[in-house]
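Chemist: Sequence:
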Amino acid sequence: MGTAFLLLSVFLACAVEAVEALTIVLAVGLTRGWRSALQGVAAGLLLLAAVVAGLGPALTVLPLKALRLVVGGLLLTFGLQWLRKAVLRASGYKDLRDEAAAYQRGVAAAKTAAASKRSVVEDWYAFTLSFKGVVLEGLEVAFIALTFGANQHDIPLAAVAAVAAVLTVCAAGVAIKAPLARVPENTMKFAVGVMLTGFGTFWGAEGAGAEWPGGDASLPLVLAYVLLVALGAVWVLKRRHAAWAR
131 MGTAFLLLSV
141 FLACAVEAVE
151 ALTIVLAVGL
161 TRGWRSALQG
171 VAAGLLLLAA
181 VVAGLGPALT
191 VLPLKALRLV
201 VGGLLLTFGL
211 QWLRKAVLRA
221 SGYKDLRDEA
231 AAYQRGVAAA
241 KTAAASKRSV
251 VEDWYAFTLS
261 FKGVVLEGLE
271 VAFIALTFGA
281 NQHDIPLAAV
291 AAVAAVLTVC
301 AAGVAIKAPL
311 ARVPENTMKF
321 AVGVMLTGFG
331 TFWGAEGAGA
341 EWPGGDASLP
351 LVLAYVLLVA
361 LGAVWVLKRR
371 HAAWAR
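Using the numbering used here, you'd call the opening residue of the sequence shown number 131 and step up by one each time.
None of these hints come from the bench; they were simulated from the model. Any given hint might turn out to be false.
[Unchecked claim] Using 30 angstroms as the maximum straight-line C-alpha spacing, the simulated DSS-like pairs for lysine-lysine come out as follows:
hint	residue 1	residue 2
1	K262	K307
2	K368	K224
3	K215	K247
4	K307	K224
5	K307	K241
6	K241	K368
7	K247	K224
[Stated by the list, open to error] Derived DEER-like restraints, expressed as beta-carbon distance ranges:
hint	residue 1	residue 2	range
8	L297	G345	14 to 22 angstroms
9	T133	E341	16 to 24 angstroms
10	A172	A245	14 to 22 angstroms
11	K241	L210	19 to 27 angstroms
If you're wondering where the values come from, they're calculated on a predicted model, not measured in any experiment. Glycine included, C-beta positions come from ideal geometry on N, C-alpha and C.
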């Protein structure tokens with residue numbers, strides 16, 4: 131069960147972030163040309179690879195309890211952030227993520243931005259925007275993959291799930307040459323937020339010295355509890371939003 135949750139959580143988280151990065155790169159590449167955009171992507175991927183290579187070994191040498199405390203804290207940091215935004219979107223307090231609209235905004239900005247050449251980069255704007263998109267979206271993915279993989283003592287498996295998600299999204303984007311607007315991104319973010327928060331709570335408590343009844347068998351119950359609380363928050367906020375709209 132732990133391996134299945136590891137694969138699913140990392141794959142979904144990576145897929146969501148890859149969709150958003152793809153939207154940025156497509157908007158720049160199709161509007162201003164692919165050479166500088168792909169140079170930015172390559173530079174971003176190199177930086178992320180360096181982060182993973184540096185942090186991966188450091189996490190694996192921590193004692194188990196310290197590792198789970200650190201991992202739990204990191205996952206809660208990411209998970210609560212994702213879950214908060216997902217609850218606000220689902221309840222109407224925040225606009226749903228719309229990749230088609232985000233793509234159009236990116237295209238409009240790319241058309242009006244001035245071009246400048248720096249060293250081997252023909253279009254510095256296209257380079258920096260692609261670089262920032264890959265790095266900002268990829269850092270969360272890298273930390274999530276590392277924390278899940280380190281805690282399960284299987285960073286290579288987490289890396290496989292991350293790479294598979296990115297390749298799947300990129301292949302789909304190349305095939306249709308358009309943002310993946312039909313991907314249920316908001317639902318996926320809600321699910322990932324629940325998983326990260328649940329795992330963070332479970333592992334963080336273990337790292338602090340708590341013992342769960344039944345050990346790992348308690349994990350599905352923790353995830354179910356987080357899901358019910360999140361759905362309850364959506365229900366309450368929806369009712370409040372509807373009352374204020376009258």
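Chemist: All hints, please: hold or fail.
Modeler: Results for each hint:
This hinted pair checks out: K262 and K307 have alpha carbons roughly 21 angstroms apart, not beyond 30 angstroms. Between the alpha carbons of K368 and K224 the distance comes to roughly 11 angstroms, so the proposed pair stays at or under 30 angstroms and holds. Taking the CA atoms of K215 and K247, the gap is about 38 angstroms. The hint is violated against a cut of 30 angstroms. Pair hint K307 plus K224 holds up; C-alpha atoms about 28 angstroms apart against a cutoff of 30 angstroms.
With a C-alpha separation of about 18 angstroms, the suggested pairing of K307 with K241 holds against the 30 angstroms cut-off. About 39 angstroms separates the Cα atoms of K241 and K368, which puts this hinted pair outside 30 angstroms; it is violated. At most 30 angstroms may separate the alpha-carbon atoms for a hinted pair to count; K247 and K224 exceed this at roughly 38 angstroms. Between L297 and G345 the beta carbons are some 35 angstroms apart, a value that contradicts the proposed interval 14 to 22 angstroms.
Here the CB-CB span from T133 to E341 is close to 22 angstroms, well matched to the stated 16 to 24 angstroms. In this structure the supplied range 14 to 22 angstroms holds for A172 paired with A245, their Cβ-Cβ distance being about 20 angstroms. As the Cβ distance of K241 to L210 is approximately 37 angstroms, the hint placing it in 19 to 27 angstroms is violated.
Violated hints, listed in ascending order, are 3, 6, 7, 8 and 11; each of the other numbered hints is respected by the structure.
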